[in-house]
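Number of protein chains: 2
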Amino acid sequence: MRFTSETSLDGVSERLFTLGEIPGVLWTPVGAAGARPLVLMCHGGGRHKKAPDIVAHASRFVTECAFAVVAVDVPGHGDRPKEEEYHRIATENQARADAGEDLAPLIANFQALVARQTVPEWQAVLDAVQELEHVGPGPVGYWGVSLGCGLGVPFVAAEPRVRAAVLGLGGASASAEAAARITVPVEFLLQWDDERVPRAQALALFDAFASPEKTLHANPGKHAELPAFELDSTLRFFTRHLGHGSGTS
Amino acid sequence: MRFTSETSLDGVSERLFTLGEIPGVLWTPVGAAGARPLVLMCHGGGRHKKAPDIVAHASRFVTECAFAVVAVDVPGHGDRPKEEEYHRIATENQARADAGEDLAPLIANFQALVARQTVPEWQAVLDAVQELEHVGPGPVGYWGVSLGCGLGVPFVAAEPRVRAAVLGLGGASASAEAAARITVPVEFLLQWDDERVPRAQALALFDAFASPEKTLHANPGKHAELPAFELDSTLRFFTRHLGHGSGTS
Chain A
1 MRFTSETSLD GVSERLFTLG EIPGVLWTPV GAAGARPLVL MCHGGGRHKK APDIVAHASR
61 FVTECAFAVV AVDVPGHGDR PKEEEYHRIA TENQARADAG EDLAPLIANF QALVARQTVP
121 EWQAVLDAVQ ELEHVGPGPV GYWGVSLGCG LGVPFVAAEP RVRAAVLGLG GASASAEAAA
181 RITVPVEFLL QWDDERVPRA QALALFDAFA SPEKTLHANP GKHAELPAFE LDSTLRFFTR
241 HLGHGSGTS
Chain B
1 MRFTSETSLD GVSERLFTLG EIPGVLWTPV GAAGARPLVL MCHGGGRHKK APDIVAHASR
61 FVTECAFAVV AVDVPGHGDR PKEEEYHRIA TENQARADAG EDLAPLIANF QALVARQTVP
121 EWQAVLDAVQ ELEHVGPGPV GYWGVSLGCG LGVPFVAAEP RVRAAVLGLG GASASAEAAA
181 RITVPVEFLL QWDDERVPRA QALALFDAFA SPEKTLHANP GKHAELPAFE LDSTLRFFTR
241 HLGHGSGTS
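First to last, the sequence lines map onto chains A and B.
Going by the UniProt record's numbering, the first sequence opens with residue 1, and the numbers climb by one from there.
Going by the UniProt record's numbering, the second sequence opens with residue 1, and the numbers climb by one from there.
Derived from the structure by calculation, the hints contain no laboratory data.
Incorrect hints may have been included.
[Claimed, not checked] Straight-line C-alpha distance at most 25 Å; calculated SDA-like pairs for lysine to any residue:
1. A:Lys50 to A:Ala95
2. B:Lys50 to B:Glu14
3. A:Lys222 to B:Ser233
4. A:Lys222 to B:Ala210
5. A:Lys82 to A:Gln117
6. B:Lys50 to B:Asp98
7. B:Lys222 to B:Val30
8. B:Lys222 to A:Ala128
9. B:Lys222 to A:His241
10. B:Lys222 to A:Lys50
11. A:Lys222 to B:Ala204
12. B:Lys222 to B:Ala97
13. A:Lys50 to A:Ala176
14. A:Lys50 to A:Ala90
15. B:Lys222 to A:Ala204
16. B:Lys222 to A:Gln117
Just chain A, same shape as in the assembly (with noise of 0.2 Å):
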């Protein structure tokens, strides 16, 4: 893990970072110190590490709960260069849905070809980080909406450090399996208007989950129009179930 730099603003330290292939940000409360719970952050499709709904979040993880934040850039996104193979499913899967064909089933299937990438990829990312003093082995929550629920369903599922997870903009197409392994508390965002995710198979995914506690928020609105009014809900969400952060000494 190689840091490339480091900046801070109103409380927050961030540093950027690469692991191997993988370049990463690093939020922590400025001069943190032991131990505290984690949160990693996936994009959307199309985006980066540091978009700004992850920026947002990311900020009040750290200012409002002490937690640690890492987020970093999933193949093909960001500073990553373009993978081929990805680029050319993509490039099919546009053209098809622009001949008629249904588009849910064809990103739920390309979701899962690249979570077979990024579930040992994050892996390694909580492995590094969780060294660094300052983050420490505490709790890890996941969160993930559109892409970051295609992929964030499989990474939970096959990871244990995870202890809760916000998801959502996602369909159970071809996470339903994984979502069965499910059992950690998850809060599941729902578009009631969504154009990319069929308001059915949101439904399914969110049954599919075998948590004993599970929570879906629906609200109306398209695909990227979740309310401003669920990032607080999330944060009382992670705070119920990974607890306060330490202090910041």
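Chain B: place on chain A using the hints.
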């Protein structure tokens, strides 16, 4: 409006009253003065105005938000005499359900019938309570699940003083038309394993609300197993939409 008793406990003043034939209870902060938001609550079927869930919610609305809260007995419930017609229909419905008939539409039709009586009753309650100096003409919220949803949907649709509503554990069978006239913010509670309300009917009712801001909270469990953390969410929802109550003096 005639007050019949007054007690106070832990900062909450409780006054029992009758308004014509209607027995009710009003909770306000001890020493309250001046206008404040008012929440009208309706109990579930077979219960009454001081059922444990009503009292628990009211206590937190009063102590944490400085709201006034009013609840009355539904006809045939609590301190009200048995209503022969309602009793006959309920008995017939139970017999039809025991004989294998689908219970949900029978309940829905019954609630629609009772609502023709409760909507004007509750409007009269608002009129009377809002004349009190320490309640006044503030914004009104409505809270009701199960029977309180079946009766609440037509009430919220009819009463412009209601500015936000928490509803749930109900289906669209008899309520969809009234729901389509509701435009205020709604928080809708759905139990994923509800043995009394079919999931599709509950989702259809959520879908029917015309409110630009509506949010569905679904959790695992049966009809009577609403998780305790939803009360926290309800407090935040009403605070967001009704504002904080004024101080006590």
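The hints, checked one at a time:
no.	hint	result
1	A:Lys50 to A:Ala95	violated (29 Å)
2	B:Lys50 to B:Glu14	holds (11 Å)
3	A:Lys222 to B:Ser233	holds (23 Å)
4	A:Lys222 to B:Ala210	holds (16 Å)
5	A:Lys82 to A:Gln117	holds (15 Å)
6	B:Lys50 to B:Asp98	violated (30 Å)
7	B:Lys222 to B:Val30	violated (36 Å)
8	B:Lys222 to A:Ala128	violated (43 Å)
9	B:Lys222 to A:His241	holds (23 Å)
10	B:Lys222 to A:Lys50	violated (41 Å)
11	A:Lys222 to B:Ala204	holds (18 Å)
12	B:Lys222 to B:Ala97	holds (19 Å)
13	A:Lys50 to A:Ala176	violated (29 Å)
14	A:Lys50 to A:Ala90	holds (22 Å)
15	B:Lys222 to A:Ala204	holds (18 Å)
16	B:Lys222 to A:Gln117	violated (39 Å)
Violation of the numbered hints given earlier is confined to hints 1, 6, 7, 8, 10, 13, 16; the remaining hints are satisfied by the structure.
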